[in-house]
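Peer 1: Please model the entire structure based on the sequences and the hints provided.
Protein chains: 2
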Amino acid sequence: MNKFPAQLKKIRKEQNTTQDDLASQLFVTRQAISKWESGDSTPDLNNLIKLTDIFNVSLDTLVFGAEHETKVDTSEFVFDPKHNRYVRRLGKMNFWDFLSGYWWAVLAIAFIIGFFSIF
Amino acid sequence: MNKFPAQLKKIRKEQNTTQDDLASQLFVTRQAISKWESGDSTPDLNNLIKLTDIFNVSLDTLVFGAEHETKVDTSEFVFDPKHNRYVRRLGKMNFWDFLSGYWWAVLAIAFIIGFFSIF
DNA sequence: ATTATTACGAAACCATTAGTTGCGCAAATT
DNA sequence: AATTTGCGCAACTAATGGTTTCGTAATAAT
Chain S
95 MNKFPAQLKK
105 IRKEQNTTQD
115 DLASQLFVTR
125 QAISKWESGD
135 STPDLNNLIK
145 LTDIFNVSLD
155 TLVFGAEHET
165 KVDTSEFVFD
175 PKHNRYVRRL
185 GKMNFWDFLS
195 GYWWAVLAIA
205 FIIGFFSIF
Chain X
95 MNKFPAQLKK
105 IRKEQNTTQD
115 DLASQLFVTR
125 QAISKWESGD
135 STPDLNNLIK
145 LTDIFNVSLD
155 TLVFGAEHET
165 KVDTSEFVFD
175 PKHNRYVRRL
185 GKMNFWDFLS
195 GYWWAVLAIA
205 FIIGFFSIF
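Those protein sequence lines, which keep their order, are chains S and X.
Taking the numbering used here, the leading residue of the first sequence gets 95, the next gets one more, and so forth.
Taking the numbering used here, the leading residue of the second sequence gets 95, the next gets one more, and so forth.
Every clue listed holds true.
Mimicking BS3-like on lysine-lysine, the simulated pairs with C-alpha atoms at most 30 angstroms apart in a straight line are:
1) S:97 - X:104
2) S:103 - X:97
3) S:129 - S:107
4) X:144 - S:97
5) X:144 - S:107
6) S:107 - S:144
7) X:129 - S:144
8) S:104 - X:144
9) S:129 - S:103
10) X:144 - S:144
11) X:97 - S:144
12) X:107 - S:144
13) S:104 - S:129
14) X:144 - S:103
15) X:144 - X:97
16) X:97 - X:129
17) S:97 - X:103
18) X:97 - S:97
19) X:97 - S:104
20) S:129 - X:97
21) S:144 - X:103
22) S:129 - X:129
23) X:144 - X:104
24) S:104 - S:144
25) S:107 - S:97
26) X:107 - X:129
27) S:144 - X:104
28) S:129 - X:144
29) S:144 - S:97
30) X:97 - X:107
31) S:97 - X:129
Covered stretches of chain S, going by a simulated chain X footprint (3 or more residues, C-beta under 8 angstroms):
32) 137-145
33) 150-159
Source of the hints: derived by calculation from the structure; they are not laboratory data.
Idealized CB from N, CA, C, for every residue including glycine.
Peer 2: So this is what it looks like as structure tokens:
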């Protein structure tokens, strides 16, 4: 449900920053960060918002985890930023969408296979 | 930046529920809700999460509003101006994803091209 | 080797503040 | 006109977010 402590640690490590460094950016002590990551305390909304700015992630990612976003079938759903949620796309469209991006590769493979199929 | 107080009031009104009613769902007093909406205080993360459950909105919508440009994981998603939405990034991995899903189509095209290239 | 330095955790304490209690007051309902 | 509904405000307190202080393990430096 609330994955904030683990998320904070994970994201912080990913950005290769220390608790000390993060603390100075938030104008809190290093130990405060430690408590957040160990689940001993929870930052107030202001600091939560600051964290989203520093790490450039959404609030939902910060407290629910990235799985919240990747849990959906991304070949079936696309992210609609306007409504901040995933919406279903037309399944048959996917093939042509991908084809429009990779027609050159398909053609290349086709020609290679086609060339050898002569013999 | 932080539009939570206004957002809460707005969303609550949209769902046609009263401060009293909302309070009982959160097991807090009616006055607590009043303070949240007037910006006199801010709910802790637990109550924020409960609010997202009750209203069925994202945390970002709740504190930033729907108009807010939501942060998207740009390593996973890129904005496609053609379709005016975020789509899964077309990277090296996706090509193989595509190929594994549509190898039959590639083969078909290959054979067609190969067939005609005989003449 | 041993002395810093880096990176973090844990306990005790304090100060802020989230949430409660109590009062009041319009605007609908009855 | 009396009651109910819906909400805001001031004073209080109980909870807790953040600090201070102490400790430890792991590297890096001398």
